[in-house]
Amino acid sequence: QCRFAHRLRRDHRRLIAFARHARRRHRMNPATAPRVRAATMADAAWLAACAIAMARETEAKALDPDTVRAGIETGLADAAKARYFVAMHDVHAGADTIGVPAGTLMLTREWSDWRNGDWWWIQSVYVMPEFRRHGVFAALYRHVEALARATPGVIGSTASAGMASNEVVSTCAVSPAMV
Numbered sequence: 001q002c003r004f005a006h007r008l009r010r011d012h013r014r015l016i017a018f019a020r021h022a023r024r025r026h027r028m029n030p031a032t033a034p035r036v037r038a039a040t041m042a043d044a045a046w047l048a049a050c051a052i053a054m055a056r057e058t059e060a061k062a063l064d065p066d067t068v069r070a071g072i073e074t075g076l077a078d079a080a081k082a083r084y085f086v087a088m089h090d091v092h093a094g095a096d097t098i099g100v101p102a103g104t105l106m107l108t109r110e111w112s113d114w115r116n117g118d119w120w121w122i123q124s125v126y127v128m129p130e131f132r133r134h135g136v137f138a139a140l141y142r143h144v145e146a147l148a149r150a151t152p153g154v155i156g157s158t159a160s161a162g163m164a165s166n167e168v169v170s171t172c173a174v175s176p177a178m179v
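Numbering of the sequence shown is given in this note's numbering, commencing with residue 1 and proceeding in unit increments.
Hint data in this document are derived by calculation from the structure and do not stem from the laboratory.
Be aware that a few hints might be false.
[As the list claims (entries may be wrong)] The calculated label-pair distances, taken between Cβ atoms and stated as ranges, are:
#	residue 1	residue 2	range
1	Trp114	Arg56	19 to 27 Å
2	Ala62	Arg115	21 to 29 Å
3	Ala77	Ala146	42 to 50 Å
4	His92	Asn116	27 to 35 Å
5	Gly94	Ala150	30 to 38 Å
6	Asp96	Ala62	34 to 42 Å
7	Ala45	Ala80	33 to 41 Å
8	Ala62	Thr97	35 to 43 Å
9	Arg149	Ala62	21 to 29 Å
10	Thr67	Thr32	12 to 20 Å
11	Asp64	Ala93	18 to 26 Å
12	Val91	Trp114	14 to 22 Å
13	Thr32	Gly153	45 to 53 Å
All residues carry an ideal CB built from backbone N, CA and C; glycine is no exception.
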């Protein structure tokens, strides 16, 4: 238990440092930044594939595809359980623009009686390998941060560990109530 607590403190310090670095480093040209949208039921198979790949990459676990898909569909159907977001990379093909999914994250919430508000948890982050180190996670994070700031009663958000995006976890303070 002591080793676990020590690891959490060490990881938290690293993550805060990375978040500061990432905010400076990932200031992207808005014209090339991935656009972020809410996931729909049509994304369920792709989201399941991402979750399975993330478990394989981060924990060397093989997940049951049917169970993962059912879990994602349940989350998509009930925003009180989870909200999913997809970062889209736009590819120009002649006169057409085609959106290619580049990354995703799941947002859950937890009530904090200490602060009398919702704490948002960023989980199940996955960025497709070909889009890593291109600001995809930064775009997803900024999207959630903006939503948190615009949503009454949200007092903070945290990214949880186990993300397969070559990005690291961070914490975002969204209101003075957190201090």
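Hint by hint, here is what the structure shows:
At roughly 36 Å, the beta carbons of tryptophan 114 and arginine 56 sit outside the given window of 19 to 27 Å. Between alanine 62 and arginine 115 the CB atoms are about 38 Å apart, so this pair departs from the stated range of 21 to 29 Å. Here the CB-CB span from alanine 77 to alanine 146 is close to 25 Å, at odds with the stated 42 to 50 Å. Histidine 92 and asparagine 116 have their C-beta atoms about 47 Å apart, which leaves the hinted 27 to 35 Å range violated.
For the hinted restraint 30 to 38 Å between glycine 94 and alanine 150, the CB-CB distance of approximately 36 Å keeps it satisfied. In this structure, aspartate 96 and alanine 62 meet the distance hint of 34 to 42 Å, their C-beta atoms being roughly 38 Å apart. Between alanine 45 and alanine 80 the CB atoms are about 23 Å apart, so this pair departs from the stated range of 33 to 41 Å. Separated by about 36 Å at the C-beta atoms, alanine 62 and threonine 97 satisfy the suggested range of 35 to 43 Å.
Taken as a hint, the range 21 to 29 Å is violated for the pair arginine 149 and alanine 62, whose Cβ atoms sit roughly 38 Å apart. Range check, threonine 67 to threonine 32: Cβ separation about 37 Å, and the 12 to 20 Å hint is violated. At about 36 Å, the beta-carbon gap between aspartate 64 and alanine 93 misses the expected band of 18 to 26 Å. The given range of 14 to 22 Å is broken by valine 91 and tryptophan 114, whose C-beta atoms sit roughly 46 Å from each other.
Judged by the Cβ atoms, the range 45 to 53 Å given for threonine 32 and glycine 153 is violated: they are separated by roughly 34 Å.
Figure legend: structure checked against the earlier numbered hints; hints not met, in rising order: 1, 2, 3, 4, 7, 9, 10, 11, 12 and 13.
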